[in-house]
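Protein chains: 2
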Amino acid sequence: MQNVFIHHVFFWLKDPANDVSKKQLIEGLQKLSAVSTIRSFHIGKPAGTERSVIDTTYAVSWLITFDKASDQDSYQVDPIHLNFVKECASLWDKVVVYDSVDV
Amino acid sequence: MQNVFIHHVFFWLKDPANDVSKKQLIEGLQKLSAVSTIRSFHIGKPAGTERSVIDTTYAVSWLITFDKASDQDSYQVDPIHLNFVKECASLWDKVVVYDSVDV
Numbered sequence: 001m002q003n004v005f006i007h008h009v010f011f012w013l014k015d016p017a018n019d020v021s022k023k024q025l026i027e028g029l030q031k032l033s034a035v036s037t038i039r040s041f042h043i044g045k046p047a048g049t050e051r052s053v054i055d056t057t058y059a060v061s062w063l064i065t066f067d068k069a070s071d072q073d074s075y076q077v078d079p080i081h082l083n084f085v086k087e088c089a090s091l092w093d094k095v096v097v098y099d100s101v102d103v
Numbered sequence: 104m105q106n107v108f109i110h111h112v113f114f115w116l117k118d119p120a121n122d123v124s125k126k127q128l129i130e131g132l133q134k135l136s137a138v139s140t141i142r143s144f145h146i147g148k149p150a151g152t153e154r155s156v157i158d159t160t161y162a163v164s165w166l167i168t169f170d171k172a173s174d175q176d177s178y179q180v181d182p183i184h185l186n187f188v189k190e191c192a193s194l195w196d197k198v199v200v201y202d203s204v205d206v
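For the record, the sequence lines run as chains A and B. Those letters in the first sequence? Residues 1 to 103, by this note's numbering. Those letters in the second sequence? Residues 104 to 206, by this note's numbering.
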């Protein structure tokens, strides 16, 4: 992958044992994937691998790629994204984001 | 993206101000990309975005995708990967890995 902006978000739920919360978040991300500037997306969960360096504690991951940084900027203020935050922010306890571009 | 195993690694260098260390790590990752089971890869750096939830402190990121979990297993023991660890492990202070599969 080159000439790409990678936005990877990890969500920890307030109530990790609650499958309804997890399902709501996943449904929210599926709706969020409609933002037009997103080049590709992946909704994930921990893969079941176990080593000391692997963080397996998050509930849901959201990986999206953009063609350029300005597309990520517009995603942040896209009405679909704002609606996602409004509908789903109460579900999570913690969010960690990594934004990466080509070296 | 579907039917994919995502392996995302973040490296913090022992000597973050040392451009030589960073260059060595990037060259090591470029060689590492030759592992045959890797479907796609991205060598990254922080994108320059700034919000409280964004971790901007790593030096280099390594995102690779595989078709299936067993391909990631074989990558871990691939001679090219073992050689990368041997040549580059002295460069980093901390590594955090997130492995994700489809929900």
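In case anyone wonders, no lab produced these hints; they're calculated from the structure. Heads up, a few of these hints could be off.
[As the list claims (entries may be wrong)] With a cut-off of at most 20 Å between alpha-carbon atoms, the simulated EDC-like pairs for lysine to aspartate or glutamate come out as follows:
{"no.": "1", "chain 1": "A", "residue 1": "Lys14", "chain 2": "A", "residue 2": "Asp93"}
{"no.": "2", "chain 1": "A", "residue 1": "Lys94", "chain 2": "A", "residue 2": "Glu27"}
{"no.": "3", "chain 1": "B", "residue 1": "Lys126", "chain 2": "B", "residue 2": "Asp176"}
{"no.": "4", "chain 1": "B", "residue 1": "Lys125", "chain 2": "B", "residue 2": "Asp170"}
{"no.": "5", "chain 1": "B", "residue 1": "Lys171", "chain 2": "B", "residue 2": "Asp181"}
{"no.": "6", "chain 1": "B", "residue 1": "Lys134", "chain 2": "A", "residue 2": "Asp15"}
{"no.": "7", "chain 1": "A", "residue 1": "Lys45", "chain 2": "A", "residue 2": "Asp15"}
{"no.": "8", "chain 1": "B", "residue 1": "Lys148", "chain 2": "A", "residue 2": "Glu87"}
{"no.": "9", "chain 1": "B", "residue 1": "Lys148", "chain 2": "B", "residue 2": "Asp158"}
{"no.": "10", "chain 1": "A", "residue 1": "Lys45", "chain 2": "A", "residue 2": "Asp71"}
{"no.": "11", "chain 1": "A", "residue 1": "Lys22", "chain 2": "B", "residue 2": "Asp205"}
{"no.": "12", "chain 1": "A", "residue 1": "Lys31", "chain 2": "B", "residue 2": "Asp181"}
{"no.": "13", "chain 1": "B", "residue 1": "Lys171", "chain 2": "A", "residue 2": "Asp71"}
{"no.": "14", "chain 1": "B", "residue 1": "Lys117", "chain 2": "B", "residue 2": "Asp158"}
{"no.": "15", "chain 1": "B", "residue 1": "Lys148", "chain 2": "A", "residue 2": "Asp67"}
{"no.": "16", "chain 1": "B", "residue 1": "Lys197", "chain 2": "A", "residue 2": "Glu27"}
{"no.": "17", "chain 1": "A", "residue 1": "Lys23", "chain 2": "B", "residue 2": "Asp196"}
{"no.": "18", "chain 1": "A", "residue 1": "Lys45", "chain 2": "B", "residue 2": "Glu190"}
{"no.": "19", "chain 1": "A", "residue 1": "Lys45", "chain 2": "B", "residue 2": "Asp170"}
{"no.": "20", "chain 1": "B", "residue 1": "Lys171", "chain 2": "B", "residue 2": "Asp205"}
{"no.": "21", "chain 1": "A", "residue 1": "Lys45", "chain 2": "B", "residue 2": "Asp181"}
[Said to hold, decoys possible] Which chain A residues stay away from chain B? Per the calculated CB distances, all over 10 Å, these:
{"no.": "22", "residue": "Met1"}
{"no.": "23", "residue": "Lys31"}
{"no.": "24", "residue": "Phe41"}
{"no.": "25", "residue": "Pro46"}
{"no.": "26", "residue": "His81"}
{"no.": "27", "residue": "Leu82"}
{"no.": "28", "residue": "Asp102"}
[Said to hold, decoys possible] Ranges of calculated distance between the beta carbons of each label pair, as one might list FRET restraints:
{"no.": "29", "chain 1": "B", "residue 1": "Pro119", "chain 2": "A", "residue 2": "Asp19", "range": "37 to 45 Å"}
{"no.": "30", "chain 1": "B", "residue 1": "Gln179", "chain 2": "A", "residue 2": "Pro79", "range": "20 to 28 Å"}
{"no.": "31", "chain 1": "A", "residue 1": "Gln76", "chain 2": "B", "residue 2": "Ser177", "range": "35 to 43 Å"}
{"no.": "32", "chain 1": "B", "residue 1": "Trp115", "chain 2": "A", "residue 2": "Ala34", "range": "33 to 41 Å"}
{"no.": "33", "chain 1": "A", "residue 1": "Asp93", "chain 2": "B", "residue 2": "Val123", "range": "36 to 44 Å"}
{"no.": "34", "chain 1": "B", "residue 1": "Asp158", "chain 2": "A", "residue 2": "Gly48", "range": "20 to 28 Å"}
{"no.": "35", "chain 1": "B", "residue 1": "Asp118", "chain 2": "A", "residue 2": "Ser70", "range": "16 to 24 Å"}
{"no.": "36", "chain 1": "B", "residue 1": "Val123", "chain 2": "A", "residue 2": "Glu50", "range": "48 to 56 Å"}
{"no.": "37", "chain 1": "A", "residue 1": "Val85", "chain 2": "B", "residue 2": "Val198", "range": "26 to 34 Å"}
Values in this document were obtained by computation on a predicted structure and should not be read as measured data. Idealized CB from N, CA, C, for every residue including glycine.
CA of Lys197(B) to CA of Glu27(A), is that 20 Å or under? violated (34 Å)
Does Asp71(A) lie within 20 Å of Lys45(A) when you go C-alpha to C-alpha? violated (25 Å)
Can the restraint linking Lys22(A) and Asp205(B) be considered satisfied, given a maximum Cα separation of 20 Å? holds (14 Å)
Assuming the hint says 33 to 41 Å, is it satisfied by the Cβ distance from Trp115(B) to Ala34(A) or not? holds (35 Å)
Kindly confirm whether 20 to 28 Å is satisfied by the beta carbon distance between Gln179(B) and Pro79(A). Violated: the Cβ-Cβ distance is about 43 Å, outside 20 to 28 Å.
Measuring Cβ to Cβ, find out whether Lys31(A) lies farther than 10 Å from everything in chain B. Lys31(A) clear of chain B: closest Cβ-Cβ about 14 Å, beyond 10 Å.
Distance restraint evaluation - Asp118(B), Ser70(A), Cβ atoms, bounds 16 to 24 Å: violated (33 Å)
Determine whether the non-interface label on Met1(A) survives the test: each CB of chain B must be over 10 Å from its CB. violated (4 Å)
Check whether the Cα positions of Lys148(B) and Glu87(A) lie no farther apart than 20 Å. Violated, because 31 Å separates the two Cα atoms, which is more than 20 Å.
Restraint status (C-alpha distance of Lys171(B) to Asp205(B) at most 20 Å): holds (11 Å)
Is the straight-line distance between the alpha-carbon of Lys126(B) and that of Asp176(B) 20 Å or less? Given pair Lys126(B), Asp176(B) is violated - Cα atoms ~27 Å apart, limit 20 Å.
Looking at Pro46(A) again, its CB stays over 10 Å from all of chain B? violated (7 Å)
Going through the hint list in order, the structure does not satisfy hints 3, 4, 6, 8, 10, 12, 13, 16, 17, 18, 21, 22, 24, 25, 28, 30, 35 and 36.
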